[in-house]
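Novice: Using the sequences and the hints given, assemble the complete structure.
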Amino acid sequence: MKEILELNLPQNVLYTKDHEWMDTTGNTMRIGINDYAQDQLGEIVYVELPQIGACLNKGDVFGTVESVKAVSEVFMPVSGEVIQVNTDLENAPELVSSSPYEKGWMIEIKASNPDEVKTMMDREAYLKFLEGIK
Amino acid sequence: MRYFSHTPEDIRSMLSAIHAGSIEDLFSLIPANCRMKKNPDIPPPMSEWKLIRKMEEMAGDMPSSAYRSYLGAGRYEHHIPSILPYLLGRSEFSTAYTPYQPEISQGTLQAIYEYQTLTSRLLGMDVANASLYDGASALSEALFMALRITKGKQIAMSKLVHPFFREVVSTCFAPTSFEIIELPFLDNGTTDISKLKDMEDLGAVIVQSPNFFGCIEDLRKVSETIDHQKTLLIACFTEPIAFGLIHPPGDQGADIVCGEGQSLGIPVSFGGPGLGMLACKEAFIRNMPGRLVGRTTDLDGKPAFVLTLATREQHIRREKATSNICTNSSLCAVTALMFMASVGGSGIRKLAQLNHDKSEYVKNGLKAKGVRIPFSAPTFNEFVVQFENGFSKKYEKLLQEKIIPGLPLSEFYPELKDHYLICVTETKGKADLDHFIEKVTS
Amino acid sequence: MTETSATRGLIFNEPLLWEIGKKGRIGFSMPEHDVPDAPLDKEFIRKDSELPDLSEVNVIRHFTRLSQWNFGIDAGMYPLGSCTMKYNPKVNERVALLPGFAEAHPLLPTSLSQGILRLMFELERCLAAITSMDAVTLQPSAGAQGELCGMLIFRAYHRKKGKPRSKIIVPNTAHGTNPSSATLCGYKPVGISINEKGILTPDAVAALMDEDTAGIMVTNPNTLGFFEENIQKISEIVHSKGGLVYGDGANMNAVMGIVDMAACGMDILHLNLHKTFSTPHGGGGPGAGPVCTKKYLEPFLPVPRIIEEKGVFSLSNDFPDSIGKLHAFYGNVGIMIRALAYILCMGGENLKKASQLAVLNANYIKEKLKKVLHLPYDRTCMHECVFSDKNQNPTKITTLDMAKRLIDFGFHPPTIYFPLIVKGAMMIEPTETESKEEIDRFIAAMEQIVEEATNQPDLLRNAPMKCKVRRLDEAQAARKPCLAG
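Protein chains in written order, with the working numbering: chain A, 1 to 134; chain B, 1 to 442; chain C, 1 to 485.
Errors might be hidden in some of the hints.
[Stated by the list, open to error] No farther apart than 20 Å at their CA atoms in a straight line, the calculated lysine-lysine pairs in the PhoX-like style are these: (1) A/2 / C/468; (2) A/2 / C/22; (3) B/350 / C/423; (4) C/22 / B/350; (5) C/370 / B/320; (6) A/69 / B/54; (7) C/47 / B/350; (8) B/417 / B/367; (9) A/2 / C/390; (10) C/23 / B/302; (11) A/17 / A/2; (12) B/320 / C/294; (13) C/167 / C/47; (14) C/188 / C/163; (15) C/480 / A/69; (16) C/42 / A/69; (17) C/42 / B/221; (18) C/353 / B/302; (19) C/310 / B/38; (20) B/302 / B/367; (21) B/50 / C/90; (22) B/37 / C/352; (23) A/17 / A/118; (24) C/47 / B/281; (25) B/38 / C/352; (26) C/294 / B/37; (27) B/281 / C/90; (28) C/352 / B/350; (29) B/430 / B/402; (30) B/320 / B/151; (31) C/163 / B/37; (32) B/302 / C/466; (33) C/188 / B/54.
I should point out that these hints are in silico values taken from the structure, not numbers from a laboratory.
Specialist: Here it is, written out as structure tokens:
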């Protein structure tokens with residue numbers, strides 16, 4: 001498993017305590033799991049995502065990620081409606097491991113309460129949080 | 001005691017290595033009031049020879065091979081090839097644990113993969129799991145599975161599903177809010193499905209075929225009656241030998257097939273262990289309960305087998321698992337595999353035909369002597385008869401003559417007074433059958 | 001250590017059954033077709049089942065070769081923690097296959113079932129004596145079904161009292177079956193942590209136990225191998241709030257003849273005949289998970305129950321408060337026969353001795369290996385001890401690597417990555433049936449592996465090297481499941 005210094009944690013996304021990332025730069029918000037989460041899970045073999053149109057609250061489970069011997073739920077960083085899911089993951093779940101921020105993205109949402117973004121951490125804050133739990 | 005290897009010297013040296021004065025010291029953390037005050041009250045150790053004698057005495061209180069039994073109803077007397085107990089005696093199979101370490105468990109893993117394959121073929125389905133406890137637990141698990149998929153709230157269950165299976169389902173479903181609706185039976189001995197179309201929130205329909213009366217159900221018709229997007233058809237069975245001859249449930253539109261595999265080479269053994277078989281369509285794999293073995297390769301690219309999709313299971317998903325089952329009936333699955341391999345595709349057809357023909361011979365023989373055959377639907381190797389009023393006295397007399405003439409049905413269906421379920425398998429020769437017909441009708 | 005137990009041997013390749021089959025063969029002696037043909041109407045007849053046709057010799061060779069790729073307890077030490085892989089006595093097999101038992105139909109009239117009913121009744125009495133509980137059902141087919149039975153009794157009991165409850169306390173160290181079984185009965189499992197000594201504390205239980213909590217599930221000894229010393233106090237707290245205490249007896253092998261489960265406050269307890277009572281695991285079953293209860297919960301046990309009256313045995317369904325049936329018939333009778341044979345051969349004194357030796361063996365391993373492996377909880381253990389791979393973190397050697405390397409030394413690996421609360425857990429349960437020599441060889445192998453982890457880590461990463469196959473691509477198996485040929 002990677003040491004904290006080895007983790008790929010881009011500056012341009014925000015993070016949650018459950019190790020999701022969210023890209024808030026566009027009109028819609030793209031969500032996935034970060035490098036730390038995929039490294040902890042090991043080789044990912046299956047990803048289950050919600051239906052397009054699902055309306056979920058901040059903290060709700062929007063999917064599951066499975067490795068060979070572990071299963072992990074993924075949570076909504078903020079409330080919103082699912083407007084896109086990454087269907088490539090159906091046949092290539094390994095993209096979550098090999099490219100967590102690009103090809104391995106999971107869903108795109110339209111946030112219903114953009115203020116909730118403020119509860120997320122930037123890279124520095126997340127790194128500090130990680131050091132605390134490691 | 002011959003199962004121990006420790007000499008007093010071994011014990012002394014081990015204690016000294018761990019700086020303990022005595023074995024009792026190792027238990028010193030157990031509070032005094034949690035301890036047993038005296039040794040458990042069970043008999044003193046028995047020698048191997050005394051044990052065998054005691055066990056032989058108890059086994060001797062059971063019917064000897066001189067008896068001719070016509071009992072079926074969920075457990076069936078079939079010939080078991082001599083190679084089965086011989087191969088199962090190989091302790092590499094019997095004394096291994098669940099194959100969690102695939103590199104040293106390829107024997108069990110390949111065998112289970114083969115079992116899954118032959119089971120799918122026999123039942124006409126895409127995928128079978130590695131086994132569940134018994135047919136009743138398989139049915140209960142199949143139901144939970146179907147309701148996970150359809151999210152329906154109602155279950156329609158034929159009254160001709162084995163009564164004991166239905167009882168197990170009602171035990172396991174007691175803590176849930178699902179409604180179980182019983183489907184009555186028609187005069188011909190098959191399930192009345194006319195009520196199905198009125199059910200709004202139906203998640204699953206369960207029909208057994210051949211059913212508890214031995215009659216072959218028209219599963220195709222049930223399948224065509226329901227909307228499979230909302231309602232899954234679960235086909236249940238207790239006599240898989242039938243599928244050597246008749247349409248397997250998979251060919252008739254079943255979504256999930258489950259049942260008891262004891263007939264496939266497993267001794268009756270007073271009802272257990274049995275073999276819970278469960279198979280389904282490919283789309284439902286991730287909702288399946290129980291273990292699955294998959295084919296993959298090793299680091300060198302050699303084909304190999306491994307437990308897979310384990311994330312469905314309790315040891316990983318804990319309270320969110322598809323089932324709580326851990327230990328299942330692996331060795332019984334291997335037994336069934338050995339049986340299916342021994343009879344083969346051509347053999348199982350002959351064997352099934354033989355069961356059917358012998359059963360028909362008795363049915364016709366009894367009919368010719370004036371015994372009423374109440375249900376007209378075709379049967380496989382079991383059928384219901386209605387004897388004359390007060391047959392129970394004759395029943396006792398036949399027991400004295402070492403004939404066990406089937407199962408009285410009134411205990412399960414109070415309306416069927418003097419009705420008996422009779423099972424005829426390949427184990428009886430024509431002379432036995434003639435004697436039976438003669439005795440029950442004289 | 002210069003020479004390992006494992007060495008080279010001739011291992012055969014063996015194709016899949018359907019690759020060796022050929023139409024026209026048969027491996028079954030078909031009885032004579034001595035009655036008239038009675039063809040079924042064509043509309044009922046299936047197309048070919050595509051089962052392969054094989055001869056008897058084909059079948060014998062196939063399965064003999066397959067068996068040689070397996071590791072069983074008869075081959076060597078199998079120290080799987082919490083699984084109790086002890087020797088499976090052969091006389092048990094002999095008596096279980098006696099025709100009077102093996103050929104007995106479960107629906108025989110009572111008058112023709114006396115032998116087996118007596119045997120089952122005697123086993124019930126023995127299990128009650130070993131646990132100090134009052135009543136026993138043999139019906140559950142495995143430990144997890146025993147748990148389900150126990151949880152259904154919890155539910156029935158609370159309903160009878162008029163106050164159904166919604167939660168249940170389950171320690172984080174519990175087997176996955178515990179929360180899973182509780183959920184099936186509508187209970188929401190509430191996790192509870194252990195203290196720095198690796199056991200539950202009364203305070204932690206008191207903080208969670210309320211009048212909406214049905215009770216607690218406790219594995220004792222627990223999965224770290226420690227006796228829950230506070231069990232009596234914990235039981236009192238649970239009982240004072242009207243709750244019940246469920247005992248998971250998976251680890252009973254540590255305390256036979258030593259601990260009085262009734263005195264500990266257990267209301268219900270399941271046993272695993274395929275662990276403690278020596279019946280073979282069969283590569284994953286069949287097992288049996290009898291459930292013992294105190295007298296006041298007896299009315300809730302599954303039906304039918306075995307009744308004795310003046311030496312005559314019968315099956316009775318006359319228990320209106322019963323949770324109902326759990327098995328199509330009466331449970332795994334074939335397994336019960338083996339367990340009773342074991343208990344009778346051992347007698348009370350040897351059962352106690354088995355527990356003593358199991359605990360001695362585990363402590364011996366713990367003391368020897370803690371010099372080289374990280375031992376998260378260094379206390380006297382019961383039947384098993386739990387190490388971790390913390391010492392190996394610098395070289396990035398994991399528990400999995402060490403486990404796989406053990407195979408090259410001729411040992412089955414311990415249980416790994418369980419209990420979940422110990423990171424990189426390695427849970428070792430030697431059982432009483434391993435001799436001092438075998439355990440010394442195991443310790444020497446582990447010591448050498450730890451040294452290799454530092455000096456030749458690739459030996460571990462590439463292990464095992466001596467098996468028929470090397471490590472498998474499990475990700476491929478799960479991504480593109482191939483479950484039938």
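Novice: Look at each hint and say if it fits the structure.
Specialist: Here's how the hints hold up against the structure:
Only pairs whose Cα atoms come within 20 Å are accepted, and residue 2 of chain A paired with residue 468 of chain C is rejected, the gap being roughly 32 Å. Of the supplied pair hints, the one linking residue 2 of chain A and residue 22 of chain C is violated, its CA atoms being roughly 53 Å apart against a limit of 20 Å. This hinted pair does not check out: residue 350 of chain B and residue 423 of chain C have alpha carbons roughly 56 Å apart, beyond 20 Å. Between the alpha carbons of residue 22 of chain C and residue 350 of chain B the distance comes to roughly 17 Å, so the proposed pair stays at or under 20 Å and holds.
For a cut-off of 20 Å, the pair hint linking residue 370 of chain C to residue 320 of chain B is broken: about 36 Å separates their Cα positions. About 47 Å separates the Cα atoms of residue 69 of chain A and residue 54 of chain B, which puts this hinted pair outside 20 Å; it is violated. Of the supplied pair hints, the one linking residue 47 of chain C and residue 350 of chain B holds, its CA atoms being roughly 14 Å apart against a limit of 20 Å. Among the hinted pairs, residue 417 of chain B with residue 367 of chain B is consistent with the structure: their alpha-carbon atoms are about 18 Å apart, no more than 20 Å.
The suggested pairing of residue 2 of chain A with residue 390 of chain C holds, with an alpha-carbon distance near 15 Å, which does not exceed 20 Å. Distance check on the hinted pair: residue 23 of chain C and residue 302 of chain B sit about 28 Å apart at the alpha-carbon level, beyond 20 Å; violated. Note on residue 17 of chain A and residue 2 of chain A: the hinted pairing holds, with a Cα-Cα distance of about 18 Å set against a maximum of 20 Å. A distance of roughly 30 Å separates the Cα atoms of residue 320 of chain B and residue 294 of chain C; the hinted pair therefore is violated under the 20 Å criterion.
A distance of roughly 52 Å separates the Cα atoms of residue 167 of chain C and residue 47 of chain C; the hinted pair therefore is violated under the 20 Å criterion. Under the criterion of a C-alpha separation no larger than 20 Å, the hint pairing residue 188 of chain C with residue 163 of chain C is consistent with the structure, at around 16 Å. Our distance criterion of 20 Å between C-alpha atoms is met by residue 480 of chain C and residue 69 of chain A, whose separation comes to about 16 Å. Of the supplied pair hints, the one linking residue 42 of chain C and residue 69 of chain A is violated, its CA atoms being roughly 49 Å apart against a limit of 20 Å.
Our distance criterion of 20 Å between C-alpha atoms is met by residue 42 of chain C and residue 221 of chain B, whose separation comes to about 17 Å. For a cut-off of 20 Å, the pair hint linking residue 353 of chain C to residue 302 of chain B is broken: about 46 Å separates their Cα positions. Using a Cα cut-off of 20 Å, the hinted pair residue 310 of chain C and residue 38 of chain B is violated, with the two alpha carbons roughly 28 Å apart. Simply put, residue 302 of chain B and residue 367 of chain B have alpha-carbon atoms about 60 Å apart, too far for the 20 Å limit, and the pair is violated.
A distance of roughly 15 Å separates the Cα atoms of residue 50 of chain B and residue 90 of chain C; the hinted pair therefore holds under the 20 Å criterion. The straight-line distance between the Cα atoms of residue 37 of chain B and residue 352 of chain C is roughly 13 Å, inside the 20 Å bound, and the hint therefore holds. For the suggested pair residue 17 of chain A and residue 118 of chain A, the alpha carbons sit about 13 Å apart, so the restraint of at most 20 Å is met. Under the criterion of a C-alpha separation no larger than 20 Å, the hint pairing residue 47 of chain C with residue 281 of chain B is consistent with the structure, at around 19 Å.
Distance hint between residue 38 of chain B and residue 352 of chain C is fulfilled; the C-alpha atoms sit about 11 Å from each other, no more than 20 Å. Under the criterion of a C-alpha separation no larger than 20 Å, the hint pairing residue 294 of chain C with residue 37 of chain B is consistent with the structure, at around 18 Å. Distance restraint check for residue 281 of chain B and residue 90 of chain C: the Cα-Cα separation of roughly 41 Å exceeds the 20 Å cut-off, and the hinted pair is therefore not satisfied. Of the supplied pair hints, the one linking residue 352 of chain C and residue 350 of chain B is violated, its CA atoms being roughly 54 Å apart against a limit of 20 Å.
Under the criterion of a C-alpha separation no larger than 20 Å, the hint pairing residue 430 of chain B with residue 402 of chain B is consistent with the structure, at around 17 Å. The suggested pairing of residue 320 of chain B with residue 151 of chain B holds, with an alpha-carbon distance near 16 Å, which does not exceed 20 Å. For a cut-off of 20 Å, the pair hint linking residue 163 of chain C to residue 37 of chain B is broken: about 36 Å separates their Cα positions. For the proposed pair residue 302 of chain B and residue 466 of chain C, the alpha carbon gap of about 14 Å is at most 20 Å, so the pair holds.
At roughly 47 Å between alpha-carbon atoms, residue 188 of chain C and residue 54 of chain B are farther apart than 20 Å, so this suggested pair is violated.
The structure is inconsistent with the numbered hints 1, 2, 3, 5, 6, 10, 12, 13, 16, 18, 19, 20, 27, 28, 31, 33, although it conforms to all the rest.
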